[in-house]
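Protein chains in written order, with the numbering used here: chain A, 4 to 404; chain B, 4 to 404.
I should point out that these hints are in silico values taken from the structure, not numbers from a laboratory.
Glycine included, every Cβ here is placed at the ideal spot set by N, Cα and C.
One should not assume that every hint holds.
Facing chain A, from chain B, some residues (calculated, C-beta under 10 Å) [as the list claims (entries may be wrong)]:
1. Leu-72
2. Ala-165
3. Leu-267
4. Gly-268
Protein chains: 2
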Amino acid sequence: MTADDPVHAFVPGPRATMAPTGHGPLDGLSFAVKDLFDVQGHPTTYGNPDWARTHPVAAATAPAVLALLEAGARLVGKTKTVELAFGLTGENIHHGTPVNPKAPDRFPGGSSCGSAAAVAAGLVDLALGSDTGGSVRIPASYCGVFGIRPSWGAVSLTGARALGPAFDTCGWFARSARVLRLAGDALLPPEVHSPESLGPVLKAQSVWINAEPATAAALLPAFEALEQVVGLGVAVRVEGFPGILDRTYEAFRCIQAQEAWATLGSWIEATKPSFGPGVGERFAAAKAMSPDKAAEGRHFRARFCQRIRAVLAGGGVFAYPTSPMPAPLLSASLAEQDAVRARSMGVTAIAGLVGLCEVSIPAGQVGGAPVGLSLVAGPGRDRALLALAERVSQAMGLEAA
Amino acid sequence: MTADDPVHAFVPGPRATMAPTGHGPLDGLSFAVKDLFDVQGHPTTYGNPDWARTHPVAAATAPAVLALLEAGARLVGKTKTVELAFGLTGENIHHGTPVNPKAPDRFPGGSSCGSAAAVAAGLVDLALGSDTGGSVRIPASYCGVFGIRPSWGAVSLTGARALGPAFDTCGWFARSARVLRLAGDALLPPEVHSPESLGPVLKAQSVWINAEPATAAALLPAFEALEQVVGLGVAVRVEGFPGILDRTYEAFRCIQAQEAWATLGSWIEATKPSFGPGVGERFAAAKAMSPDKAAEGRHFRARFCQRIRAVLAGGGVFAYPTSPMPAPLLSASLAEQDAVRARSMGVTAIAGLVGLCEVSIPAGQVGGAPVGLSLVAGPGRDRALLALAERVSQAMGLEAA
Numbered sequence: 004m005t006a007d008d009p010v011h012a013f014v015p016g017p018r019a020t021m022a023p024t025g026h027g028p029l030d031g032l033s034f035a036v037k038d039l040f041d042v043q044g045h046p047t048t049y050g051n052p053d054w055a056r057t058h059p060v061a062a063a064t065a066p067a068v069l070a071l072l073e074a075g076a077r078l079v080g081k082t083k084t085v086e087l088a089f090g091l092t093g094e095n096i097h098h099g100t101p102v103n104p105k106a107p108d109r110f111p112g113g114s115s116c117g118s119a120a121a122v123a124a125g126l127v128d129l130a131l132g133s134d135t136g137g138s139v140r141i142p143a144s145y146c147g148v149f150g151i152r153p154s155w156g157a158v159s160l161t162g163a164r165a166l167g168p169a170f171d172t173c174g175w176f177a178r179s180a181r182v183l184r185l186a187g188d189a190l191l192p193p194e195v196h197s198p199e200s201l202g203p204v205l206k207a208q209s210v211w212i213n214a215e216p217a218t219a220a221a222l223l224p225a226f227e228a229l230e231q232v233v234g235l236g237v238a239v240r241v242e243g244f245p246g247i248l249d250r251t252y253e254a255f256r257c258i259q260a261q262e263a264w265a266t267l268g269s270w271i272e273a274t275k276p277s278f279g280p281g282v283g284e285r286f287a288a289a290k291a292m293s294p295d296k297a298a299e300g301r302h303f304r305a306r307f308c309q310r311i312r313a314v315l316a317g318g319g320v321f322a323y324p325t326s327p328m329p330a331p332l333l334s335a336s337l338a339e340q341d342a343v344r345a346r347s348m349g350v351t352a353i354a355g356l357v358g359l360c361e362v363s364i365p366a367g368q369v370g371g372a373p374v375g376l377s378l379v380a381g382p383g384r385d386r387a388l389l390a391l392a393e394r395v396s397q398a399m400g401l402e403a404a
Numbered sequence: 004m005t006a007d008d009p010v011h012a013f014v015p016g017p018r019a020t021m022a023p024t025g026h027g028p029l030d031g032l033s034f035a036v037k038d039l040f041d042v043q044g045h046p047t048t049y050g051n052p053d054w055a056r057t058h059p060v061a062a063a064t065a066p067a068v069l070a071l072l073e074a075g076a077r078l079v080g081k082t083k084t085v086e087l088a089f090g091l092t093g094e095n096i097h098h099g100t101p102v103n104p105k106a107p108d109r110f111p112g113g114s115s116c117g118s119a120a121a122v123a124a125g126l127v128d129l130a131l132g133s134d135t136g137g138s139v140r141i142p143a144s145y146c147g148v149f150g151i152r153p154s155w156g157a158v159s160l161t162g163a164r165a166l167g168p169a170f171d172t173c174g175w176f177a178r179s180a181r182v183l184r185l186a187g188d189a190l191l192p193p194e195v196h197s198p199e200s201l202g203p204v205l206k207a208q209s210v211w212i213n214a215e216p217a218t219a220a221a222l223l224p225a226f227e228a229l230e231q232v233v234g235l236g237v238a239v240r241v242e243g244f245p246g247i248l249d250r251t252y253e254a255f256r257c258i259q260a261q262e263a264w265a266t267l268g269s270w271i272e273a274t275k276p277s278f279g280p281g282v283g284e285r286f287a288a289a290k291a292m293s294p295d296k297a298a299e300g301r302h303f304r305a306r307f308c309q310r311i312r313a314v315l316a317g318g319g320v321f322a323y324p325t326s327p328m329p330a331p332l333l334s335a336s337l338a339e340q341d342a343v344r345a346r347s348m349g350v351t352a353i354a355g356l357v358g359l360c361e362v363s364i365p366a367g368q369v370g371g372a373p374v375g376l377s378l379v380a381g382p383g384r385d386r387a388l389l390a391l392a393e394r395v396s397q398a399m400g401l402e403a404a
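Between the sequences and the hints, there should be enough to build the whole structure, so can you do that?
Rendered as structure tokens:
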């Protein structure tokens with residue numbers, strides 16, 4: 004534990020720093036980047052020493068990082084990631100698991116664990132992460148900060164390592180909805196829809212029912228604040244598929260497995276890397292995934308996409324708990340962690356399968372541990388969603404209007 | 004020149020073959036894949052021996068390849084690509100440049116040169132390629148076959164090598180619009196827009212004026228056939244920017260350079276690969292690209308995207324020459340090739356910058372060499388565009404109704 008990194012958020016070794024290259028909305032702010040984005044002259048470890056050893060130092064800086072520098076922000080370091088970004092607890096036995104600043108006896112969440120911890124601890128104003136199956140949203144919820152998974156394809160992942168390109172997105176964290184939105188101004192493409200066009204609020208009952216009662220109860224006041232801002236909430240089931248969260252989980256899991264092995268299997272087979280608990284097992288399961296199950300997942304995905312996009316086409320916004328529960332305790336067994344993972348991924352898979360944008364707001368606590376409320380909108384409505392999150396956050400008294 | 008590969012379309016070495024894994028629209032058809040897609044158990048050379056030497060054999064098969072196998076097609080081999088897909092002539096000094104079956108004294112076009120040549124020579128019914136700055140559309144035009152660059156993000160590039168992720172797409176070639184469409188049924192996500200919704204035809208005068216007069220004249224009958232199918236054509240300038248094709252070229256070139264170096268620079272710096280004529284120079288230029296010029300390119304891109312998406316939002320279809328001229332002669336100097344490249348990329352950059360879908364129809368000849376007519380529609384309208392290309396092709400007598 005060093006004085007400038009009390010929560011072990013940054014990767015070991017010399018800090019990757021870069022001065023701002025321009026002036027803009029992020030003037031005076033500091034940021035960190037998950038160590039799967041390239042920063043020129045520095046290794047990109049991808050959370051695993053064997054990866055670092057078998058890949059060259061970065062010759063260029065990822066365009067998403069350049070965009071933040073151009074907008075006035077200062078890079079102060081690279082943050083820890085779960086190995087190859089394949090995990091949701093935030094554990095990394097090689098680099099050390101970051102401390103969850105808001106709940107030190109619990110996991111920080113991952114895979115963007117260091118970015119969430121650095122923001123939550125106030126070490127940086129802003130941090131880039133990536134989100135394939137929840138890797139920004141889950142640590143945002145667990146660490147009590149704002150986080151966005153943007154619409155799929157909306158923000159550049161050039162110069163970043165891939166896990167499952169069908170789902171990979173470049174997301175980010177901040178302690179205020181305002182800073183989250185300002186970073187969006189630097190990173191997002193222009194939007195066709197106007198910021199005023201979001202609504203009605205759709206409660207997505209299946210997801211609330213899936214949440215632990217204490218988590219749902221802790222987030223109800225935030226939902227009511229959202230209703231005040233947008234207008235009357237409408238209680239809807241996500242769609243007409245029975246057992247929906249089991250089906251989104253299953254489809255996501257099978258497609259992601261195929262994607263992960265197609266992306267990283269060649270390197271794993273050739274290198275035989277040393278992995279921490281759970282990671283190697285997940286890649287072994289990815290390798291063993293049957294093409295038929297992945298194809299079934301894609302068929303479900305196609306129908307689910309059509310349905311959900313139609314539901315959200317007019318500007319509707321789902322609102323539901325980001326995760327069904329707060330972060331698991333550090334003492335949780337691997338089996339308990341896997342159970343949390345499965346139950347959480349059915350929810351995060353909704354935006355993942357459909358390519359929706361999702362912002363998690365640090366809107367409640369359960370026994371002192373943070374839980375987040377997600378706002379979820381149709382593809383391409385990222386700027387409108389960030390603006391809405393800011394208004395809700397102001398209405399809740401989380402930040403000044 | 005071997006009996007089963009008279010045009011040198013396939014990469015050297017044992018053929019990568021896979022039997023169909025299902026039944027569907029592609030039953031009985033054969034296909035090849037550009038050698039930047041992974042096929043389990045085979046190297047992915049990316050057109051360069053140093054790449055092949057420094058990367059492991061593929062442990063998995065790219066999902067796009069799996070989708071064609073599932074739809075009933077048989078994989079018969081991997082086809083040549085320009086090194087690291089960074090070039091439009093189709094030359095590869097390491098593996099040998101494929102012959103253009105329709106114009107043997109001219110380049111086949113690239114970077115998906117082997118896929119276009121294999122389809123044009125009748126060696127396969129269908130072939131996968133990739134298109135960043137024209138790498139499917141240009142060889143389709145040069146070799147007289149159908150080719151599609153789908154909407155950005157519409158078809159999986161998982162398990163495929165990247166050149167510029169902001170622009171990279173998975174496209175394909177066929178000798179008939181019907182087979183092109185059937186492959187789309189296997190590869191494309193479901194579409195929200197109905198197939199009937201395309202029109203009116205928009206002539207995009209700037210692009211016609213940019214074409215050599217003989218090329219424009221050769222494609223006018225096809226344009227008239229298109230008008231017959233869709234209804235009256237409307238002559239429009241692409242938009243309100245003066246000198247538009249210079250600006251699209253410049254924006255595309257600068258962003259692509261930044262993307263290419265961010266994606267491949269680390270490997271190039273670490274490996275110092277041996278490159279053929281032009282390729283090393285293009286990467287050197289990519290390395291030297293100033294962030295300011297790339298940022299300027301992105302600013303132009305943002306405004307251009309908004310304008311063009313608005314123009315096409317109602318279902319309009321641009322129609323213009325895919326390339327301003329037929330393939331350059333094999334005897335063309337590097338300077339002549341570069342001039343053709345610059346003049347062509349201003350046109351291909353339209354779909355590239357905006358993420359539009361584009362189908363090139365083998366609709367004319369100039370002095371015996373093929374030239375293509377492109378139909379270009381808004382993002383996500385791929386299935387409708389393929390259906391329209393088939394109707395136009397039937398109206399032109401290129402295939403049976």
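ask   = Are Leu-72/B and chain A close enough, Cβ to Cβ, to be under 10 Å, as the hint says?
value = 9 Å, holds
query = Hey, does the Gly-268/B contact hint survive, CB to chain A under 10 Å?
reply = With a closest approach of 4 Å, the Gly-268/B hint holds.
query = Minimum Cβ distance from Ala-165/B to chain A below 10 Å?
reply = At about 8 Å, which falls below the 10 Å cut-off, the nearest Cβ of chain A leaves the hint on Ala-165/B intact, so it holds.
inquiry  = Let's test the interface hint: is any C-beta of chain A closer than 10 Å to that of Leu-267/B?
reply    = 9 Å, holds
Every hint, counting from the list given before, is met by this structure.
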